[in-house]
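Colleague: What follows is the residue order along each chain.
There are 2 protein chains.
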Amino acid sequence: MQKKCRIDEAMKRKYPEQVVLVTTRSAKGRENVMAVGWTCIVSGDPLMLALGIDDESYSYELIRATRRFVVAFPGERMSREVLFAGTRHGHKMDKLRESGLKVQKASVVSASLLADAVVNLECRLVDVYRPGDCPVVIGKVVAAHQNRDTRLKRLYTVGQNYAMGKVRSTILKKR
Amino acid sequence: MQKKCRIDEAMKRKYPEQVVLVTTRSAKGRENVMAVGWTCIVSGDPLMLALGIDDESYSYELIRATRRFVVAFPGERMSREVLFAGTRHGHKMDKLRESGLKVQKASVVSASLLADAVVNLECRLVDVYRPGDCPVVIGKVVAAHQNRDTRLKRLYTVGQNYAMGKVRSTILKKR
Chain H
1 MQKKCRIDEA
11 MKRKYPEQVV
21 LVTTRSAKGR
31 ENVMAVGWTC
41 IVSGDPLMLA
51 LGIDDESYSY
61 ELIRATRRFV
71 VAFPGERMSR
81 EVLFAGTRHG
91 HKMDKLRESG
101 LKVQKASVVS
111 ASLLADAVVN
121 LECRLVDVYR
131 PGDCPVVIGK
141 VVAAHQNRDT
151 RLKRLYTVGQ
161 NYAMGKVRST
171 ILKKR
Chain F
1 MQKKCRIDEA
11 MKRKYPEQVV
21 LVTTRSAKGR
31 ENVMAVGWTC
41 IVSGDPLMLA
51 LGIDDESYSY
61 ELIRATRRFV
71 VAFPGERMSR
81 EVLFAGTRHG
91 HKMDKLRESG
101 LKVQKASVVS
111 ASLLADAVVN
121 LECRLVDVYR
131 PGDCPVVIGK
141 VVAAHQNRDT
151 RLKRLYTVGQ
161 NYAMGKVRST
171 ILKKR
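Sequence lines, in order, name chains H and F. For what it's worth, our numbering labels the leading residue of the first sequence as 1, then goes sequentially. For what it's worth, our numbering labels the leading residue of the second sequence as 1, then goes sequentially.
Since the hints were made in silico from the structure, they are not lab data. Wrong hints could be hidden among the right ones.
Just so you know, same-sequence chains aren't split out, so a pair can sit in one copy or run between any two.
Computed cross-link-like contacts, DSS-like style, restricted to lysine-lysine with a CA-CA straight-line distance of at most 27 Å [as the list claims (entries may be wrong)]:
id, residue 1, residue 2
1, K105, K140
2, K153, K92
3, K92, K102
4, K173, K28
5, K153, K140
6, K105, K3
7, K28, K102
8, K153, K28
9, K140, K173
10, K4, K92
11, K3, K153
12, K166, K14
13, K153, K12
14, K153, K14
15, K102, K166
16, K153, K173
17, K105, K153
18, K3, K14
19, K105, K92
20, K14, K28
21, K14, K173
22, K166, K12
23, K28, K166
24, K140, K28
25, K92, K12
26, K102, K14
27, K4, K140
28, K92, K28
29, K105, K173
30, K153, K166
Bear in mind the structure is a predicted one, so any value in this text is a computation, not a measurement.
Make the full structure from the sequences, and use the hints.
Modeller: See below:
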C-alpha cells in the first residue's frame, strides 16, 4: 500500500545503487578520476553509457577536451578509493595518483584502466546532453577489459552519505 | 589485473542491476506496464529519470501520446510480475491487468501506481533522446509515493536471462 511522500524521502529507498569510476587524461598527461552514481546503458549496439556529472568538475573539462575516458566498475576492495574520488576535486591535485589506485595502460584511449576494477570500458564521447541541472555525458564503448579474478564483485553505494558496501544476491523463484 | 575481452563478456559482470516497472494509461483508459533495466537519474533538481526503452513497445506509444507515466521500484515479492512485464508485449493484451499487479490511483497522472512497489514516481515526459539504437525517455518526477512497509526492499536483476533476485548489502569500513 502506497502513501504520498516527498520526492527526496522516496529516493532514500533507491539503494543499493551502482557506482562507477571514470578516468581521464589531458593531452599533457595530467590524469584524473571521479566517481559517478548516475549512470546506465542508453544503447545496446553500439554499447553506450550515460554519466550524469558535475558541470564544475575537472573530469568534465578533460572529457570535453579529449573526448576520451574510461568507465570502471570498482571492485569490493576499492571503497576507500571510491570515497576519495567522490569527495575531492581534481582541479588542484592529481587525484588519480593521490587516490592510490593502481593503473594499467588502455588499448585505444590514453586514460588509464584501473587494475583492481571488475571491468574497464574504454569510451569515446558521443554527445553531452542536458535535460536538467547537469550535463549527461554519453560514451560509446570502444574496448573492454575485465579482471582476471572472475570471482571479484562490484562495489555499490548501499546508503546515504556515500556508504559503500558489498552486495550479495539470491535468485528468487517465480511463485 | 585486467585482460582485454569482448564488450559483451565484460558486461556479464554488471549484475546486480536495478529494474523498474513503468505504467502508462491511454486517453481511453487502456493501461500497460513494462520493465526497464536501463535507467538512472539524470537531473537532481528537478529530479529527472532516463529510461532506455524499445522503439516498438506499446508503452512508448502511450508515453508519447499522453506524456505521462509512473516509474515504480518493484518489491522483492514481485519477481513473477516483473518477468511477465519484461517478456510480453502490450499491443495485443492488457498486460497490467493480466500481470496480476495490484494498482492504486496516482495523484497527478492518470497512469496507475503499483500498490506493492517500494516506491512510485509520477512523471511528466520532458524529452525523448536518441544517442544510439533506442529511444531514451526523460521523465521529470512530479509526485512520489512509498510503501507503508518501511522494511520492504527493491527487487534487482541479479544475472543474465532475466534472473530476478533479492540483494543484501554490508557497509564496508574504509581501510
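Colleague: For each hint, tell me whether it holds in the structure or not.
Modeller: Against the structure, the hints come out as follows:
Taking the shortest alpha-carbon separations for K105 and K140, only the intra-copy value of 19 Å comes in at or below 27 Å, while the best inter-copy value is 40 Å. Within a single copy, K153 and K92 get their C-alpha atoms no closer than 32 Å, and across copies no closer than 40 Å, so neither meets the 27 Å cut-off. Taking the shortest Cα distances, K92 and K102 sit within 27 Å of each other inside one copy (21 Å), while across copies they are farther apart (53 Å). Taking the shortest Cα distances, K173 and K28 never come within 27 Å of each other, neither inside one copy (54 Å) nor across copies (36 Å).
Taking the shortest alpha-carbon separations for K153 and K140, only the intra-copy value of 24 Å comes in at or below 27 Å, while the best inter-copy value is 33 Å. Taking identical chains as interchangeable, the C-alpha atoms of K105 and K3 lie at most 27 Å apart only when they sit on different chains, with a minimum of 11 Å there against 51 Å within one chain. Within a single copy, K28 and K102 get their C-alpha atoms as close as 20 Å, which meets the 27 Å cut-off; across copies the closest is 58 Å, which misses it. Proximity of K153 to K28 under the C-alpha cut-off of 27 Å is found in neither arrangement, the shortest distances being 34 Å within a copy and 47 Å between copies.
For the identical chains of this complex, K140 and K173 are neighbours neither inside a copy (35 Å) nor across copies (34 Å), given an alpha-carbon limit of 27 Å. Neither within a single protomer nor between protomers do K4 and K92 lie at most 27 Å apart by alpha-carbon distance, with minima of 44 Å and 33 Å respectively. In this homomeric assembly, K3 and K153 come within 27 Å of each other (Cα to Cα) only across copies, at 16 Å, whereas the closest approach inside a single copy is 35 Å. In this homomeric assembly, K166 and K14 come within 27 Å of each other (Cα to Cα) both inside a single copy, at 16 Å, and across copies, at 14 Å.
Proximity of K153 and K12 under a CA criterion of 27 Å is satisfied in both settings, with 24 Å inside one chain copy and 11 Å between copies. Taking identical chains as interchangeable, the C-alpha atoms of K153 and K14 lie at most 27 Å apart whether they share a chain (20 Å) or sit on different chains (9 Å). Taking identical chains as interchangeable, the C-alpha atoms of K102 and K166 lie at most 27 Å apart only when both belong to the same chain, with a minimum of 20 Å there against 32 Å between chains. Proximity of K153 to K173 under the C-alpha cut-off of 27 Å is found in both arrangements, the shortest distances being 23 Å within a copy and 16 Å between copies.
Proximity of K105 to K153 under the C-alpha cut-off of 27 Å is restricted to the intra-copy arrangement: shortest distance 22 Å within a copy versus 40 Å between copies. Taking the shortest alpha-carbon separations for K3 and K14, only the intra-copy value of 16 Å comes in at or below 27 Å, while the best inter-copy value is 33 Å. In the homo-oligomer, the alpha carbons of K105 and K92 lie at most 27 Å apart inside one protomer (24 Å), although the nearest pairing across protomers, at 51 Å, exceeds that limit. Taking identical chains as interchangeable, the C-alpha atoms of K14 and K28 are never at most 27 Å apart, the minima being 40 Å within one chain and 33 Å between chains.
Proximity of K14 to K173 under the C-alpha cut-off of 27 Å is found in both arrangements, the shortest distances being 23 Å within a copy and 21 Å between copies. When the C-alpha separation of K166 and K12 is checked against a cutoff of 27 Å, the pair qualifies both within a copy, at 18 Å, and between copies, at 18 Å. With identical chains, the CA atoms of K28 and K166 are never at most 27 Å apart, being 36 Å at best within one copy and 46 Å at best between copies. Within a single copy, K140 and K28 get their C-alpha atoms as close as 23 Å, which meets the 27 Å cut-off; across copies the closest is 40 Å, which misses it.
In this homomeric assembly, K92 and K12 never come within 27 Å of each other (Cα to Cα): the closest approach is 32 Å inside a single copy and 37 Å across copies. Proximity of K102 and K14 under a CA criterion of 27 Å is satisfied inter-copy only: 21 Å between copies versus 31 Å inside one chain copy. In this homomeric assembly, K4 and K140 come within 27 Å of each other (Cα to Cα) only across copies, at 17 Å, whereas the closest approach inside a single copy is 39 Å. With identical chains, the CA atoms of K92 and K28 are at most 27 Å apart within one copy only, with a shortest distance of 16 Å there and 58 Å across copies.
Within a single copy, K105 and K173 get their C-alpha atoms no closer than 42 Å, and across copies no closer than 29 Å, so neither meets the 27 Å cut-off. Taking CA atoms no more than 27 Å apart as the test, K153 paired with K166 passes in both settings, with 8 Å inside one copy and 16 Å between copies.
In the structure shown, a violation is registered for the earlier hints numbered 2, 4, 8, 9, 10, 20, 23, 25 and 29, in ascending order.
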